[in-house]
Amino acid sequence: MKIVAICGAGIGSSGILKVNAERVLKKLDIEADVTAVHLDSLEMARDAQVILTSAEFVEKIGKTFADVIVIENFFDTNELTTKLQASLG
Amino acid sequence: MPLPELPDGAVEIGASAEDWRAAVRLAGDGLVRSGAATAAYADEMIRMIEEHGPYVVIAPGLALAHARPGPEVLGDGLGVVTLAEPVNFGHPHNDPVSVVLALAIKTADAHLAAVAELANVFNDSNAIQALAAASSVAEVQAIMGGTA
Chain A
0 MKIVAICGAG
10 IGSSGILKVN
20 AERVLKKLDI
30 EADVTAVHLD
40 SLEMARDAQV
50 ILTSAEFVEK
60 IGKTFADVIV
70 IENFFDTNEL
80 TTKLQASLG
Chain B
0 MPLPELPDGA
10 VEIGASAEDW
20 RAAVRLAGDG
30 LVRSGAATAA
40 YADEMIRMIE
50 EHGPYVVIAP
60 GLALAHARPG
70 PEVLGDGLGV
80 VTLAEPVNFG
90 HPHNDPVSVV
100 LALAIKTADA
110 HLAAVAELAN
120 VFNDSNAIQA
130 LAAASSVAEV
140 QAIMGGTA
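Chains as they are written, first to last, in numbering that gives the first Met the number 0: chain A, 0 to 88; chain B, 0 to 147.
Because the hints were derived from the structure by calculation, they are not lab data.
Idealized CB from N, CA, C, for every residue including glycine.
Possibly wrong hints are sitting among the right ones.
Claimed, not checked - What follows is a set of in silico ranges between Cβ atoms, one per label pair, in the way DEER data are often shown:
1. D123/B with L87/A: 36 to 42 Å
2. E78/A with G74/B: 19 to 25 Å
3. A141/B with R45/A: 43 to 49 Å
4. V57/A with A141/B: 33 to 39 Å
5. L87/A with G74/B: 37 to 43 Å
What the hints assert, rightly or not - Not the full set, but computed from the structure, chain A residues with beta-carbon under 8 Å of chain B:
6. A8
7. S12
8. S53
Just chain B, with the same shape it has in the complex:
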């Protein structure tokens, strides 16, 4: 499975979020617009962070919000939000966060190929900054598609 498609609706750039919850919700909204998840999936992603802490901030400036596969997931999908003003998740090393990804996966077994693609994108240490600085949805899609 390649990286889930990133339709225009799943991307929001230069968004305003007053805190990490709002930022995760914005990324969840992208999944709703692309038909990958219901609005309740954002609640699940927030609940995971409330329960386990800010571990989703897996690299400097980047949060990979996700929850477990469940009824809120309608299909595999990815949402991307870049923030005009970064927010803190309370992570000891990787705050503040200016790029929030939301990952929805229908079945856990199938997700590793998609995640491997994410690793391909972000093992390039410039990718997070490039995303944060992107000025158009197409630019974000190009970076995520590895064509930038």
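For reference, chain A alone in the conformation it holds in the complex:
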């Protein structure tokens, strides 16, 4: 399973998404490779099953086969858990 976290800089916010997604996935016992990337390296997301991002980037990400999950509170692992479970379950 490949999951990509996307933000404008590829550091900071996408890094936090990556770290917290990994924590949540571990708790859910789901094996996945989570990468933090910035918008300019979107090709890295081409074969991802899931894209984690904030609402601002959905349009820029455009058409994708991945399930795009919009996260509102990057520190709320409950939100991440619910949304990841809905997507992967």
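The hints should help you fit chain B onto chain A, whose structure is shown.
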């Protein structure tokens, strides 16, 4: 890499900012005072938000301003500003913002450990409110250091 050190100069509490740009600039000033970035880094952080929208408001009341590693970054650093009056960034869910963090990272590869520490601090849902209410620089340092 642990969270970058948070020297006194990198923290400003109860600051006044007339809008989000001023708030980000104040957080950037902290990075300048701690020697982590040049004044131009604040322009880069503002430019990222102008270009991509208020996505840096990653939790209710909290903005994590940052730009890409570049010549404006002199070292890894973190700046923290709490605002006397919160400002709006135009975020659909997480406005208004009363705590602005500025993150400067020298190399992208090294940043994840620092960001993991940030997650440790803020996965505690009380941390943002505690920061916003902090009445001293030491209190902010304690919350960010996980010792509060």
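**Q.** Minimum beta-carbon distance criterion (8 Å), S12/A to chain B
**A.** Result: holds, 5 Å to nearest chain B Cβ.
Q: Under 8 Å, Cβ to Cβ, is where A8/A needs to be relative to chain B, so tell me if that hint holds or is violated.
A: 5 Å, holds
Q. Is the gap between the beta carbons of A141/B and R45/A within 43 to 49 Å?
A. The hinted range 43 to 49 Å holds for A141/B and R45/A, with Cβ atoms some 44 Å apart.
Q) Per the CB criterion, is S53/A less than 8 Å away from chain B? A) It holds, given that the least Cβ distance between S53/A and chain B is near 4 Å, below 8 Å.
(Q) Looking only at beta-carbon atoms, does the pair E78/A, G74/B fall within the given range of 19 to 25 Å? (A) With a Cβ separation near 33 Å, E78/A and G74/B fall outside 19 to 25 Å, so the hint is violated.
Q. Taking 33 to 39 Å as the hint, is the beta-carbon distance of V57/A and A141/B inside that range?
A. Given a distance of about 38 Å, which is inside 33 to 39 Å, the answer is holds.
Q: Using the beta carbons of D123/B and L87/A, state whether their distance is inside 36 to 42 Å or not.
A: Since the Cβ atoms of D123/B and L87/A sit about 26 Å apart, the hinted range of 36 to 42 Å is violated.
Q. Does 37 to 43 Å hold as the CB distance between L87/A and G74/B, or does it fail?
A. Given about 39 Å between the Cβ atoms, the range holds.
When held up to the earlier numbered hints, the structure conflicts with 1, 2 and fits the remainder.
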